[in-house]
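**Q** Below are the chains, spelled out letter by letter.
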Amino acid sequence: MMGWQKNQICDKVECTGGAPNPSMDTHRIAEKQPPSEMHLWCVRVRPRSSELDGHARDVLTDVHQLGLAHIERVHSSKIYFLAGELDAATAQNIAAVLLTDPVAEEFEVSPGMVERQGSIPTIEVHPLPGVMNPVALSALQAARKLLATHTHLQGSLSKVETGRRYEIVGAQSANELERIASQILSNSSVERWFIDGLERHDPLPSELPTPSIAPFELRHVSLRSLNDDELKKLSRTGHLFLSLPEMQTIQQHYQKLDRDPTDLELESLAQTWSEHCVHKTFKSEINYKGDDFGKDGQVEVHFGNLLKDTIAAATFNLDRDWCLSVFEDNAGVIAFDDDYGIAFKAETHNHPSAIEPYGGAATGIGGCIRDIMGCGLGAKPIASMDVFCLAPPDFDESRLPKDVIHPRRTLKGVVGGVRDYGNRMGIPTVGGAIYFDERYLANPLVFCGCVGLIPRDKIDKQPNPGDFIVVAGGKTGRDGIHGATFSSAELTDTHADEFSHAVQIGNAIEEKKVLDAQLLARDHPTGCLFTAVTDCGAGGLSSAVGEMGILTGASVDLEKVPLKYAGLRYDEIWISEAQERMVFAVAPENLEDFLAIFAAEEVEATTIGQFTSDKKLTVRYNEHIVGQLDMQFLHEGLPKAARNATWSAPKNKTETAAKCRSHEANLNPTEQLFAELSELNTASKEWVIRQYDHEVQGRSVIKPLVGPEFGPSDAAVLRPRYDTDQGLALACGLCPELSDIDPYWMAIAAVDEALRNAICVGGNPRRTAILDNFCWPGVDSEESLGALVRACRGAYDAAMAYGLPFVSGKDSLNNEFSMSPEEAKRTGLPKTISIPPTLLISAVAIVEDVNRCVSMNFKTSDHCIAIASAPVNRVGLREAMELHHKVSKLICSGKVAAAHDVSDGGLAVSIAEMCIASGLGATCDVASNTFSDSLFDPISTTYLLEMPLKDAEQSGFPIIGRVCTDSKLTIHRDGSEFINAEVCELSQAWREPLQRGGR
Amino acid sequence: MKPVRILVIRAAGINCDEEVMHCWQLVGANPSLVHINELANNPSILDDFQIVTIPGGFSYGDDIAAGTILAQSIASALEAPMKALIDRGGGILGICNGFQVLVKTGLLPGGDVESGQVTVTFNESAKFEARWVRMEVATTRCAFLTPDLTQESASSKRNFRLTKPVYLEMPVEHAEGRVVTASEQSAESLSEKGLVALRYVDMENRHDTYPANPNGSWAGIAGLCDETGRVLGLMPHPDRNFAPTHHPQWTGRKQGTPDGLQVFLNAMSYWGR
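Going down the list, the sequences are from chains A and B.
Letter 998 of the first sequence, counting from 1, is numbered 998 in the numbering used here, and no numbers are missing.
Letter 19 of the second sequence, counting from 1, is numbered 19 in the numbering used here, and no numbers are missing.
Don't read these hints as lab results, they were simulated from the structure.
Predicted, not measured: the structure shown is a model, and the values here were computed from it.
Be careful, since some hints might not be right.
[To be verified] EDC-like, lysine to aspartate or glutamate: derived pairs with alpha carbons at most 20 Å apart:
1) A/LYS458 to A/GLU547
2) B/LYS254 to A/ASP339
3) A/LYS968 to A/ASP862
4) A/LYS461 to A/ASP263
5) B/LYS254 to A/ASP725
6) A/LYS651 to A/GLU783
7) A/LYS283 to A/GLU547
8) B/LYS127 to A/GLU51
9) A/LYS145 to B/GLU79
10) B/LYS127 to A/ASP58
11) B/LYS127 to A/GLU686
12) A/LYS616 to A/ASP263
13) B/LYS2 to B/ASP148
14) A/LYS295 to A/GLU783
15) B/LYS127 to A/ASP62
16) B/LYS127 to A/GLU992
17) A/LYS308 to A/GLU636
18) A/LYS685 to A/GLU985
19) A/LYS968 to A/GLU671
20) A/LYS560 to A/GLU592
21) A/LYS475 to A/ASP339
22) A/LYS825 to A/ASP403
23) A/LYS283 to A/ASP780
24) A/LYS825 to A/GLU438
25) A/LYS458 to A/ASP338
26) B/LYS254 to A/GLU709
27) A/LYS810 to A/GLU285
28) A/LYS145 to B/GLU38
29) A/LYS895 to A/ASP862
30) B/LYS83 to B/ASP47
Full structure from sequences and hints, please.
**A** This is the structure we're talking about:
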C-alpha cells in the first residue's frame, strides 16, 4: 500500500518515538474532559532528540557569547495555542497531523496555558497582540481545512497563536534568565516573555490577548489659534515632525478655510510632507560657502534645488536615450533590449532596523521589492542586493547604551530578515556589502536594493477619473503607524518605547501571492487589467492614494479597508503602513476580471473608492467625511526652505585617515597582510552570503563567492532573459571612511568603486546607470548640510565625467542617537552618536555577452599579473574615466583571465584575495615607480588583471608578477622581499573573523 | 522521440516554477503550469499528464514546517489521481520544497515503507545553506537518473549499485533539507531497497562531512525515489544548473552538458521512448 498513512486521522494519538521524558509528562487528556464551548488548547512540539534541536544549539552559542559560559544546555519547543469550540481528540488530531513531524518531533496537548514542569527554568516567548504572525495565520487556515475535509472531526477554530518555550539548563539566577530572554530570545517591541524558575514566576496570560476597540469619534485639531511654541509642541507630541514654517503654512491654510483640520488631514499632510516622502532637504534652496570642489580655494555657490542642480542635473545633461524613466516612478528604468527595461531601486530601512533588526530588515527588503512591483504597471523582481553598516560585532557589552541592541545581534537579525524575506519571495540576493564602524552602533544602516524586468510597453501608467481604487494583499493593523514621520526623527534612548508601533514583521508569502496575481493581471490576454499601481509606502493609504490621484482627485471609504482586527480608528486605517499591500487603479469594465484573478490566487482585493476629477482627496468613514484636502495644497503647499551651508576641510587630514587602520603599527609587512585580511571590512562575508539564496530563478552567472576556494566577487552578473546571452552586472560602492576627510571625494570614490566593480566582471561602462542612497547624521547645522552639498557635487562630477546617469535615489537624513549625560558617562560614548556621512552608490551595467564574464580568482599559473591604475583623486576624473574604459575594453575582448579591483586594504590584500579565491600562489615585484603607494593603502581607480604574457605586454599596463602553482604569495618591493606567506594561512586569516557572525 | 506531457504544479509560495518550466522547454517538452487550487477543484486534469513536477519554493511560507501545508492539500484532494499516475507508468519529480512535499504526503519513499520512517527537517547547522554540492547516484532504479538501466534493475530487485560511479553537481538552497529516518536501520533498509537515489559525497567519497553534506542528512541522503523508480525527490536544484554559466567554476574550466539539465534529458529519453 502506498504512503498517506501519516495523514490518516487516528482516534488516539500518542507522542511518537523517543524515550519518555519526565519533564514532558503528558497530561492525560482523556481524564480532563473539556467543556464543549470555547476552549483553549496548548500544543507543544519539540524535537525528538537534542541532536535534532539545531535551534537550541544556536541559542546556546549566543548565550555563551553573552558571557554566560556556564549554561550547559538549551531545549527548545514550539507552542501553538488553538482557540475554538474544540474537543480534546480534535486538538490531538490537529497536533498530530498538522503541527508535528512524525519522525523528528513529538508533541503534547494540554488544556489552557501550561506552567513549567520539572525543575529546569523556562522562558516562554509570545508575540505581542496585533503583531503579524504568518505561522499562526497559516496554521489557522490549514487546521480549518483539515476540519473541513475530515468530517468525523468535531469543532471549529476561532484563532491560533504561537509561542516558543526554552528550557535553560544551568542558569543560576532569574537575572541571567532575564538577560537571555531580552537579549537573545525576544525583542520587546514585538514580543513579550515569561520567566519561570529560580524564584521568579511570571504568570502566563489566561487567554489569548485581543487588541482594544475604539468607538468612532470625529476629531478636529484646534490649530488656528496656536502660537509658535504651541505649534512646535504639537508637531513633536503629535509625531508630525514638521518644522515651524511648515506648521505655520498649515495653520494659515486652515485659517483661510475657516475651520480646523481633522486629525486625519493633519496626519496626511505630515506624512506627505515628511522628509521620508518628499525629500525636502534635497529640494531646498541652498547657499553654499566654503572649500571649492576638487580644487583649492573658496567658493560661493547657489543651488536653487539641490537635487535638481546636482544628482538629477547629471542625468538630464547626459541625456542617455536608454534611460526610460528617471526620478518619477517608484524605481528608475533603463533599457535592457528592444523588449524589456530594467527597473532599479534601493531603499533604506534604518530606524525600524535599529529597534527590531529582523523585522526592520525584512520589511525593508519587502518594501523595496514593492517599489519594483509598483514601478510602471509592475516589474518582475529578479535580484536583490543588501548593504549593512553596523558597529563591530565584538563591541564591549558593558558599554552598550540603554535601549541599543548589541551589534552582533543586529547583524544576526538583519541577515535573518533579508534571508527569510528574500528567500521566501524567490528573489535571489546576489550581492551587497557589510561595513563596520563604531559610529553605526545606535543607528545601523540597512540598504535594500532590487532589480526588476519590465516589458517596455508597461512602463507608463495613469489612473483615469472613474477608475476604482482597489487595495490588494495585506490587511491593515495598528503596527506600522508613523513609519514615515518616525524615519524623520532623531533616535533617543526612549525611542524603542515611543515608536514600537512603527515596527512590523513581514509576511513574504503574502507579497509573493500579490506579485503572482499582479503579473497575471498585467499580462492578461485582453491587455493589462489596471491603469496604475503603486505600493503602500510608509504613509500607508494616505501617501499611496494621495500620490496616485495627484492629477485627478480621489475619494475613499475607509470602512471598506480590510482590517486585521476590529476597532481601528479611521485615522489609523488611513496612515498605517500595511506591509505586502499594493493599490491599483482599475477601470470599471475590468474590475470583474481583475478581482477574479486575485481571488484565484487567494489574495484579498477590495474596492475602497474611486478616482475622481475634482482634484480633491476626500476620505469618508461610514458616510462621515473625515478629511478633505486639495491635491494642490497636499502636494505643492509645502513651503520651500532656504538654507545656508558651509564646509572647510578638517585640519588633521592624515590623522583622520590613519584612524581607519586600528591594528598595531609595528608589524612586519607579512604580519600586516594577515592583520589586514582579518579586518572586519575585508574579511570573508561567507557566513552571511550562504544564508541567502543567490541562485533562485536560474539567472545566476557570476555569484557572490567565486573560484574553487570562494573568494569575494567584485559584482554579480545575471542573465535576465533565459533566451539571450545579454547580462546584467550589479555592483555597489561605499566609502564612508573618506567622509572624515572630504565628502566630495567620498562620493567620487563611491561612484568609482561601483563602476570598477561592475567593469571587473564584464559590465559595459557606457551602459551603466547608478542609484544614490544618502544616509546622513543630520542636516540641521550648516556644516552637516555643507557635507551633504559636497557629496552631491562629488556625485554630480563623477557621474558627468564617467557618463553614468542617476536613475533613482533615496535619502535618510536623521541618523543620530542622543543619550542622557549619565548614560554617556557610563558608556564612555559621546552624548550624541552621529553616523559618518554615508553614500551608497549602486550600479547596474549591461553585459553584452555573459559568456565573456570574468571572475576575480586566478586561473592559470604562469599568467602575468598587470596593474592598471589612475587614482582619480590624483589624476582627475578625465584620466580615471579613460582608464575605466580601457580596462573594460580589455576585459570584454576576452584577453583577461581574472580581474579584481583594489579597495580596502590596498594592493597587497587584493592580490592575496585573488590567491585565496583560486588556491594558487603569486610572485610579484612591485617597483615603486610603477606603484608608489604603500601596498596597504586603500586606493581608487586601480585594477589587477591576470593575462597571458603576450596580451599583458600588448596591454601596456605594468606587469608586476605572475601566477604560480606553489600556493605561496611572495611580494617583493624594488627587488627585496616584502611579503612571504602560505595562501592557505592567508585564507584562514581572511575566513576566521566573521565565521559565525562575529566573535 | 514521442512528446512527453508534463505538468508543473504552482501554489502560493512556490517560486521555482519559471525555471522548471524553462528546463522542460529546453529539453523539448511543452509543459503546462497549473495552480494547486485548480487541480484540487478538478483532479482529472492529472489524467492528461505523464510527469508531474513540484518545484521548489516556500509553499505557504513553509509555516509550521517545510511543505506541510501543500502536502496536506495534495493528500486530501489528489491522492487517488497521483497514485493512478504512478500506476499507469507516469512519474513525479519533486525538487527541494517539492521533495519535502513528496515525503510529507508519503509518496516518498512510498511502497511498503511504513509511514513515520523518513522525514526532511531542519538543517543540522540550524541555518539556511546556499552552496554547490557533489552527489553520487546511489541507485540504478531511478528513471530521472539512469533511464537506460531502470527497466532491467526494476526486475532484478537486488543490488542497485551502478557499475561505474556517476557524480552530479548542483546547488542546494534550503534551511530544511536534512533527511532523517526513524532509526539507522531504516536508513540502511532504504538503501538496500535501492530507494536512496542520491547521496552527498566529498572528494574522498565520504558522505558525512560538512559542508559536502550541507544539512547533516543521515547516510548523506540527498534524494529518494520510490520502488518504481519513477518518483524522485531531491533537495538540490537541477533547475538551477541548466546552462554552462550556472556552474560556479565555469569561468575557470570548460563545462559539458549541465548536470541539472541531464536530469530533465533523462526523463525525456525514458518517457519519450
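**Q** Does each hint hold? Answer for all of them.
**A** Hint-by-hint comparison with the structure:
Pair hint A/LYS458 plus A/GLU547 holds up; C-alpha atoms about 19 Å apart against a cutoff of 20 Å. Among the hinted pairs, B/LYS254 with A/ASP339 is inconsistent with the structure: their alpha-carbon atoms are about 31 Å apart, more than 20 Å. A distance of roughly 14 Å separates the Cα atoms of A/LYS968 and A/ASP862; the hinted pair therefore holds under the 20 Å criterion. This hinted pair does not check out: A/LYS461 and A/ASP263 have alpha carbons roughly 31 Å apart, beyond 20 Å.
The straight-line distance between the Cα atoms of B/LYS254 and A/ASP725 is roughly 17 Å, inside the 20 Å bound, and the hint therefore holds. Our distance criterion of 20 Å between C-alpha atoms is met by A/LYS651 and A/GLU783, whose separation comes to about 15 Å. Proposed proximity of A/LYS283 and A/GLU547 is supported: the alpha carbons are some 18 Å apart, at most 20 Å. Our distance criterion of 20 Å between C-alpha atoms is met by B/LYS127 and A/GLU51, whose separation comes to about 15 Å.
Our distance criterion of 20 Å between C-alpha atoms is met by A/LYS145 and B/GLU79, whose separation comes to about 16 Å. In summary, the hint linking B/LYS127 to A/ASP58 is supported, as the alpha carbons are separated by about 9 Å, within the 20 Å threshold. Under the criterion of a C-alpha separation no larger than 20 Å, the hint pairing B/LYS127 with A/GLU686 is consistent with the structure, at around 13 Å. About 17 Å separates the Cα atoms of A/LYS616 and A/ASP263, which keeps this hinted pair within 20 Å; it holds.
For the suggested pair B/LYS2 and B/ASP148, the alpha carbons sit about 16 Å apart, so the restraint of at most 20 Å is met. Pair hint A/LYS295 plus A/GLU783 holds up; C-alpha atoms about 19 Å apart against a cutoff of 20 Å. For the suggested pair B/LYS127 and A/ASP62, the alpha carbons sit about 14 Å apart, so the restraint of at most 20 Å is met. Distance hint between B/LYS127 and A/GLU992 is fulfilled; the C-alpha atoms sit about 18 Å from each other, no more than 20 Å.
With a C-alpha separation of about 16 Å, the suggested pairing of A/LYS308 with A/GLU636 holds against the 20 Å cut-off. A C-alpha spacing of about 17 Å is found between A/LYS685 and A/GLU985, which places the hinted pair at or below 20 Å, so the restraint holds. Of the supplied pair hints, the one linking A/LYS968 and A/GLU671 holds, its CA atoms being roughly 15 Å apart against a limit of 20 Å. Between A/LYS560 and A/GLU592, the direct Cα distance comes to roughly 17 Å. Compliance with the 20 Å bound is thereby established for this hinted pair.
The straight-line distance between the Cα atoms of A/LYS475 and A/ASP339 is roughly 35 Å, outside the 20 Å bound, and the hint therefore fails. Restraint check for A/LYS825 and A/ASP403: satisfied, since their Cα atoms lie roughly 16 Å apart, inside the 20 Å limit. For a cut-off of 20 Å, the pair hint linking A/LYS283 to A/ASP780 stands: about 15 Å separates their Cα positions. Restraint check for A/LYS825 and A/GLU438: satisfied, since their Cα atoms lie roughly 17 Å apart, inside the 20 Å limit.
Between A/LYS458 and A/ASP338 the CA atoms are separated by roughly 13 Å; this keeps the pair inside 20 Å, and the hint holds. Under the criterion of a C-alpha separation no larger than 20 Å, the hint pairing B/LYS254 with A/GLU709 is consistent with the structure, at around 18 Å. With a C-alpha separation of about 18 Å, the suggested pairing of A/LYS810 with A/GLU285 holds against the 20 Å cut-off. The hinted pair formed by A/LYS145 and B/GLU38 meets the criterion: a straight-line CA distance of about 16 Å does not exceed 20 Å.
Of the pairs offered as hints, the one joining A/LYS895 and A/ASP862 holds, with about 15 Å between alpha carbons and a cut-off of 20 Å not exceeded. The hinted pair formed by B/LYS83 and B/ASP47 meets the criterion: a straight-line CA distance of about 11 Å does not exceed 20 Å.
Figure legend: structure checked against the earlier numbered hints; hints not met, in rising order: 2, 4, 21.
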